[in-house]
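Chemist: Position chain B against the provided structure of chain A, taking the given hints into account.
Here the protein sequences come in this chain order: A and B. Using the working numbering, you'd call the opening residue of the first sequence number 1 and step up by one each time. Using the working numbering, you'd call the opening residue of the second sequence number 1001 and step up by one each time.
Mixed in with the good hints, there may be bad ones.
Derived, one-sided and incomplete: chain A residues facing chain B with beta-carbon distance under 7 Å [what the hints assert, rightly or not]:
#1 MET163
#2 THR166
#3 ALA174
#4 PRO178
#5 MET382
Keep in mind the hints are simulated off the structure, nothing from the lab. Since we're looking at a predicted model, the values are computed, not measured. Just so it is clear, CB atoms sit at the ideal spot from N, CA and C, and this is done for glycine as well.
Now for the letters of each chain:
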Amino acid sequence: MKKKTHLGAWLKPGISVLIPLLIAFMPAEWLHIPGITPVEQRVLALFVLAALFWILEPIPIFATSVLIIVLELILISNAGLQPMRQDATGAALPNLIDYREIMGTFASPVILLFLGGFFLAMSAVKFRLDQSLAAVLLRPFGQKPKRLLLGIMAITAVFSMFMSNTATTAMMLAVLAPVLPLFEPGDRGRVAFVLGVPFAANIGGIGTPIGTPPNAIALKYLTGENTIGFGQWMSFGVPLVLVLLLGIWLLLTTLYPARTPALELKFKTRFLRTPKAYIVYATFVVTVLLWLTDFWHGMNSYVVSMIPVAVFLSFGIIGKEDLKNISWDVLWLVAGGIALGLALEKSGLATRLVTLIPFSGLSAMTVLAVAALVGLVMANFMSNTGTANLLLPIVAALGTSGLALESTGGIAGIILGVTLSISLGMSLPISTPPNALAHAGGDIQTSDMARAGVIIGLAGLGIVFALIMILSGTGFFN
Amino acid sequence: MEKTYIICVEDQREVLNTVLKDLEIFEGPFFLEGCESADEAEELLDELDAQGDYVGLMVCDHVMPGKSGVQLLIDVNKDGRFRHTKKLLLTGLATHQDTIEAINQAAIDRYIEKPWNVEILQKQARILLTRFLFDQGLNYEPFLPVLDKETVLERLRRMG
Chain A
1 MKKKTHLGAW LKPGISVLIP LLIAFMPAEW LHIPGITPVE QRVLALFVLA
51 ALFWILEPIP IFATSVLIIV LELILISNAG LQPMRQDATG AALPNLIDYR
101 EIMGTFASPV ILLFLGGFFL AMSAVKFRLD QSLAAVLLRP FGQKPKRLLL
151 GIMAITAVFS MFMSNTATTA MMLAVLAPVL PLFEPGDRGR VAFVLGVPFA
201 ANIGGIGTPI GTPPNAIALK YLTGENTIGF GQWMSFGVPL VLVLLLGIWL
251 LLTTLYPART PALELKFKTR FLRTPKAYIV YATFVVTVLL WLTDFWHGMN
301 SYVVSMIPVA VFLSFGIIGK EDLKNISWDV LWLVAGGIAL GLALEKSGLA
351 TRLVTLIPFS GLSAMTVLAV AALVGLVMAN FMSNTGTANL LLPIVAALGT
401 SGLALESTGG IAGIILGVTL SISLGMSLPI STPPNALAHA GGDIQTSDMA
451 RAGVIIGLAG LGIVFALIMI LSGTGFFN
Chain B
1001 MEKTYIICVE DQREVLNTVL KDLEIFEGPF FLEGCESADE AEELLDELDA
1051 QGDYVGLMVC DHVMPGKSGV QLLIDVNKDG RFRHTKKLLL TGLATHQDTI
1101 EAINQAAIDR YIEKPWNVEI LQKQARILLT RFLFDQGLNY EPFLPVLDKE
1151 TVLERLRRMG
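Bound conformation, chain B alone:
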């Protein structure tokens, strides 16, 4: 059975751990992975794709040594393999120009500023993961307990 992953990219170990802890509620139906750099994330993306697994959501910091978070998301956005992957930028240090790029070129789905509110992060992740499942055409039922109910109802209503 293919797994659906949530990938968090953040260069500071402690911050990464906090993000992962905040998103722990999704673990079980979804799988959680942390990366400390864009390179590591790209390697993981390749690996998961090669296994036939899905990446439902990427939660990305912007300012990191090496490739920036926005650049990573731009590359993911161009990559047909991750067409339905949802992208959340989690940063306190993006400039105006970075933000414009993130919207126009990376087509990010959400922008959350650091320091973040746990509930807002969880709620937005919930919505994005729900959208991913329906966009990807996966069976929502096993994931139901951790999905955004409003989004599920709206998508199901649309099917008539």
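Only chain A is shown next, with the shape it has when bound in the complex:
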């Protein structure tokens, strides 16, 4: 028995390292990819390494991201290891990537957009804005379980548009904890409440560009004429969240109806009225307004996101100790994904791989359907950000494949559709950290989560397709 676990411990890292090594060192013709260059072969090995590491997780997923960046610097950058920069004859290899560009992924605009979001969320939590606001917003929903659940889910979704899905879930589950024992024994309504919070948090992330990391990765590929602003994202994101949220609420109240007549949530907090608290409230409001009015003042969402950083640091609202608590792991996880995408694009491998797929006779909607389904399935079993990191660079390259993309409104429609589908993966406790938290409470079974989660995933895919059709039909992508 002991020996077996020992073998198992080496299996994951073994596979994750050996297969990429094999790809890196095998003769290029064995790969059956016509015209593949040495640099592309290395990028292919890196991509496979990233995929295996993010799926099997022999090391933490953010460590994989940093590993990718460092391997890129050594193996395919113009400041890498000398023998890696020349071919067998000693001539310099083409398509090496500027090392500054690879390192720059750590401070890429979308990373800083997220940093701004983290500052807003951290200061809101520090000054208990989250709890005070939740208390006020929940009041109109009353005490009837069905309506109260809608209120809890709506507030969770709204908060998770600006806070991390995990922190939002943690806060709302903590609010919920004292009322769960009030359910009569055997009342399945408890399941609806415990599932409603993580589901709403997962869905709420769709609402804004800073709602969840996959959105940031999508923004990275939506450039040039496909650029989508903060307000533009919210113009379809928020309605989509609303539709999904109502659907999930109906589903949960049907599957797990509550028999308990009334529930009362108690909040201890009141709005803080200190000068610093007012600065936090004002900065929050001003930042969101600036994000929504980029067309008027000209500052894009990336530039705006730096304003709360400067304000909070200047006024001592975020101090030295708080800085350490920033989720650098999330930022670096995204940076690694961007670096991987950069390598795939700049080496030319993404385009080459895409030409291998026989697209003739396929419609763009079919491609979107397949890619979105793959994204949904992957996201159920691994990190959503990891899924986006792997899938979106390949999807983005489809734009160069010669596939007729009118029906999805160009490549932007496919990128968005896949990104949104990734956030629908929530059928297992391992699917997302919010799911894991809800499951850990012990009030629900995995089967409860799976039943509702699978329905949400599949129905959600349909709704996302409809959205992309509507957007492309109304000329949103033009």
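Modeler: Same frame as chain A, now just chain B:
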């Protein structure tokens, strides 16, 4: 992979066994070790530190032959290697003076009187171990089933 230990120090064999049995629920994600004296505990601390493992929680009796429990915890408190280690004093025989020392110099996190209530001991250990993981910056996820849910939620909320 580094392990996180719970160390129980108690000179009476039967009592030690009871404490270990009460804390068995943590075994799996955490590792449980018993010591019959402060000296033995110090040896174990050195050994675990040398292996790179963590000590998440010490559950300590006070009156023991040789070094007392409070003195052991004072020494642990001064030791930078165990900065985040949580300290629980489990005793029925500490004097007023001992208790003052335990709070002021050992900075104990919990004081539980003998005979103890199993549920209270488990609940407090749960809270302390959860705090240790977050203070030490370890990944809480593998430990989630045995952690204090309220503490986990509060710590995660704070991250924004």
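Chemist: All hints, please: hold or fail.
Modeler: Each hint tested on the structure:
1. MET163: Given a least distance of 6 Å, the restraint on A/MET163 holds.
2. THR166: holds, 6 Å
3. ALA174: Result: holds, 4 Å to nearest chain B Cβ.
4. PRO178: The hint is violated - A/PRO178 has no Cβ within 7 Å of chain B, the shortest such distance being about 10 Å.
5. MET382: Status violated, d = 14 Å.
When each numbered hint is compared with the structure, violations occur for hints 4 and 5.
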